[in-house]
Structure formats: structure tokens, C-alpha cells
Amino acid sequence: MKDKFSTTILQSEQLSKYLLETSAYPREHEQLKELRKATVDKYQYWSLMNVPADEGQLLSMLLKLMNAKKTIEVGVFTGYSLLSTALALPDDGKIIAIDPDREAYETGLPFIQKANMTHKIQYIQSDATTVMNKFLADGEEGTFDFAFVDADKENYINYHEQLLKLIKVGGIVAYDNTLWAGTVALSEDEEMLEYLKGCRGDIMTLNTFLAADSRIELAHLSIGDGLTLCKKLA
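Just so you know, we're using the working numbering here: the sequence shown kicks off at 174 and counts up by one.
These are computed hints drawn from the structure, not numbers from a lab. Every value quoted in this text rests on a predicted model; they were computed, and no experiment measured them. Each residue gets a CB set at the ideal place from its N, CA and C atoms; glycine is no exception. Some hints could be false.
Said to hold, decoys possible - Think about it this way: if two alpha-carbon atoms lie no more than 27 angstroms apart in a straight line, the pair counts; the simulated BS3-like pairs of lysine-lysine are:
#1 243 to 190
#2 242 to 267
#3 338 to 237
#4 215 to 237
#5 206 to 237
#6 267 to 206
#7 242 to 307
#8 242 to 287
#9 307 to 338
#10 190 to 206
#11 404 to 237
#12 404 to 267
#13 404 to 242
#14 287 to 237
#15 307 to 404
#16 210 to 267
#17 341 to 267
#18 307 to 267
#19 307 to 243
#20 190 to 237
#21 267 to 338
#22 338 to 243
#23 341 to 243
As the list claims (entries may be wrong) - Listed next, with one range per pair, are the computed distances between beta-carbon atoms:
#24 287 to 361: 27 to 33 angstroms
#25 384 to 363: 21 to 27 angstroms
#26 363 to 190: 22 to 28 angstroms
#27 371 to 406: 28 to 34 angstroms
#28 276 to 190: 29 to 35 angstroms
#29 265 to 187: 40 to 46 angstroms
#30 363 to 238: 34 to 40 angstroms
#31 187 to 309: 45 to 51 angstroms
#32 185 to 299: 22 to 28 angstroms
#33 274 to 378: 21 to 27 angstroms
Required output: the full structure, derived from the provided sequences and hints.
Next up, the structure:
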């Protein structure tokens, strides 16, 4: 299926297409393909809120390399990254998936069910701060292997503080959209879409904050719309 809407920061549409068609799409699980198509059909332009297939492929490999079993996802949308994670985890793996938008989650749920992955997923319809505070109060500190964050950008730093408590030493927190369509490198007076202006400052603040955070090892990747990996050091 050809993408109608791109979330890649690559300036060359041809190169982006080449990367997807020679690596991600040939190995993409059938239910991921169907979920991607259903999301485009329902949400059109805003289907870009899901991670692209190549980013899902990277996350899947990373989870397998880590031997991750317990993960948390902040921001689910229709669940492309969620299903990618579920497929990568062992059969006794567990994902806590948090998002206030149940309608979007239920758009992708039939494909999660067809992939026989529902037993790995606990979906919680809520804001993430409340849920994570409850986990910390319930003694879940240091019990998660991996976290993926693709939610309200203005709260990324707040989520970072909570997740560093929930994640094990050596665990990874991944933040999506950290290049924000390339606008983070533009000057204030350069032309950009209005919706990009709103969170651009939040992403730039996050990037500066993470670069100075001595509690983590950092890798900022130019895949999708920018992906930042943070390994907890202590």
C-alpha cells in the first residue's frame, strides 16, 4: 500500500519510498498493513500521527535486542506502534498502553485481535500522568524495560521524570516527533504550517533538556519525524 501521507523528514519522496519498499514493507506484518490502511481511510491527513513502518521496524528490532518483556506506551492513537511492540515481545510480555482517545484505539483494535496480541496489552483510557503516578504509588518503580512516548508534546519533560522512575537501569525511553517535521532547525521567521508552530518550542526545549540530562545515554535518530532514545544510566 502506498502511503498517502508521509511522516518522514527526508526531503526526497523517492528516497523515502525506496527505504520503505526495500526494507519495511516487505517484512511488515499483514495486520500492521491493514491497520495502517484503516487509519489512512478514517483519519486521512492525521493518519501521520501513527509511526511510519520503518520506525515501527526499528522499535521492533530494538525490543528484541533488549529482550524486553514489560513496556509502557504513552499515546496510542490507532495502535501501529502498539501492535509493532506486541509482535516483538515474547508471549508472556506485557504492554501498558495509555491514551484518552478510546475511539482511535478501537479503530486499530480489530487488527490487534486478528494478530492474537490482545493478551499482551492493557489499554487504559486516561491521561498518562495520573496512571504513571498510580504505578509509582503501587510500587512499580524500576519494573519496566522500555517506554515509548508519542503524546502531548508539552508534557514530554514531565513524562520523562516519571518514566525515569518506572524504567529499570539500562532500560530505554523513546520519544517520537523530536525533529518535528524539520522545523526545529528553522529560524523563527521561516515559513511553516500553523499546527507545527504550536509544539515546535516544546520539542526544542525537550531536545535541549535531554542533551544535558546526565542520567541518560542519548541517541537522536533521523527516522520518521525524529526519534530520541534515552538509556537510563542510574
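A quick look at each hint next to the structure:
no.: 1; hint: 243 to 190; verdict: violated (33 angstroms)
no.: 2; hint: 242 to 267; verdict: holds (6 angstroms)
no.: 3; hint: 338 to 237; verdict: holds (22 angstroms)
no.: 4; hint: 215 to 237; verdict: violated (31 angstroms)
no.: 5; hint: 206 to 237; verdict: holds (21 angstroms)
no.: 6; hint: 267 to 206; verdict: holds (22 angstroms)
no.: 7; hint: 242 to 307; verdict: holds (20 angstroms)
no.: 8; hint: 242 to 287; verdict: holds (21 angstroms)
no.: 9; hint: 307 to 338; verdict: holds (12 angstroms)
no.: 10; hint: 190 to 206; verdict: holds (15 angstroms)
no.: 11; hint: 404 to 237; verdict: holds (16 angstroms)
no.: 12; hint: 404 to 267; verdict: holds (20 angstroms)
no.: 13; hint: 404 to 242; verdict: holds (16 angstroms)
no.: 14; hint: 287 to 237; verdict: holds (22 angstroms)
no.: 15; hint: 307 to 404; verdict: holds (23 angstroms)
no.: 16; hint: 210 to 267; verdict: holds (26 angstroms)
no.: 17; hint: 341 to 267; verdict: holds (15 angstroms)
no.: 18; hint: 307 to 267; verdict: holds (17 angstroms)
no.: 19; hint: 307 to 243; verdict: holds (17 angstroms)
no.: 20; hint: 190 to 237; verdict: holds (26 angstroms)
no.: 21; hint: 267 to 338; verdict: holds (18 angstroms)
no.: 22; hint: 338 to 243; verdict: holds (14 angstroms)
no.: 23; hint: 341 to 243; verdict: holds (10 angstroms)
no.: 24; hint: 287 to 361: 27 to 33 angstroms; verdict: violated (47 angstroms)
no.: 25; hint: 384 to 363: 21 to 27 angstroms; verdict: holds (23 angstroms)
no.: 26; hint: 363 to 190: 22 to 28 angstroms; verdict: holds (26 angstroms)
no.: 27; hint: 371 to 406: 28 to 34 angstroms; verdict: holds (32 angstroms)
no.: 28; hint: 276 to 190: 29 to 35 angstroms; verdict: holds (31 angstroms)
no.: 29; hint: 265 to 187: 40 to 46 angstroms; verdict: holds (42 angstroms)
no.: 30; hint: 363 to 238: 34 to 40 angstroms; verdict: holds (38 angstroms)
no.: 31; hint: 187 to 309: 45 to 51 angstroms; verdict: holds (47 angstroms)
no.: 32; hint: 185 to 299: 22 to 28 angstroms; verdict: violated (40 angstroms)
no.: 33; hint: 274 to 378: 21 to 27 angstroms; verdict: holds (25 angstroms)
Hints 1, 4, 24 and 32, counting from the list given before, are not met by this structure.
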